[in-house]
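**Student:** Start from the sequences, fold in the hints, and give me the full structure.
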Amino acid sequence: MFPVHRVIMASCSDYFKAMFTGGMREQEMREIKLHGVTKAGLKNIIDFIYTSSVRLDMSCLQDTLEAANFLQVLPVLSFCNELLSSEVRGGARLTQLELSAPL
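Residue numbers (the UniProt record's numbering): 1 to 103.
The set of hints was computed from the structure by calculation and includes no laboratory data. Note that beta-carbon positions come from the ideal geometry of N, C-alpha and C, so glycine has one too. No false leads were mixed into what you were given.
Cβ pair distances, simulated, as ranges:
| no. | residue 1 | residue 2 | range |
| --- | --- | --- | --- |
| 1 | GLY22 | SER85 | 29 to 35 angstroms |
| 2 | ARG30 | SER78 | 28 to 34 angstroms |
| 3 | GLU28 | ARG55 | 31 to 37 angstroms |
| 4 | ARG6 | SER85 | 29 to 35 angstroms |
| 5 | GLU28 | SER59 | 35 to 41 angstroms |
**Tutor:** The following block contains the structure:
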């Protein structure tokens, strides 16, 4: 379980924005179960949302990419795609995304 603030999650994720502002039943629930994302992927997304930074390596890339896609967290999705592309090209390995300003 990851305790989070709804407003913060909704401000960074179109998925959570729709969930918490669109009249869905989850809007009033204290605990929400997410299907379609792993615990590791979700943790990386939450870390990014709260810190504007995420550290990735190839062992967690797939989980994070799937979570970013599912939850519609575009900066992380773009970063995962770039990391995957650089790995395929055999180029320099990116391991951290940091945004200069909070989301």
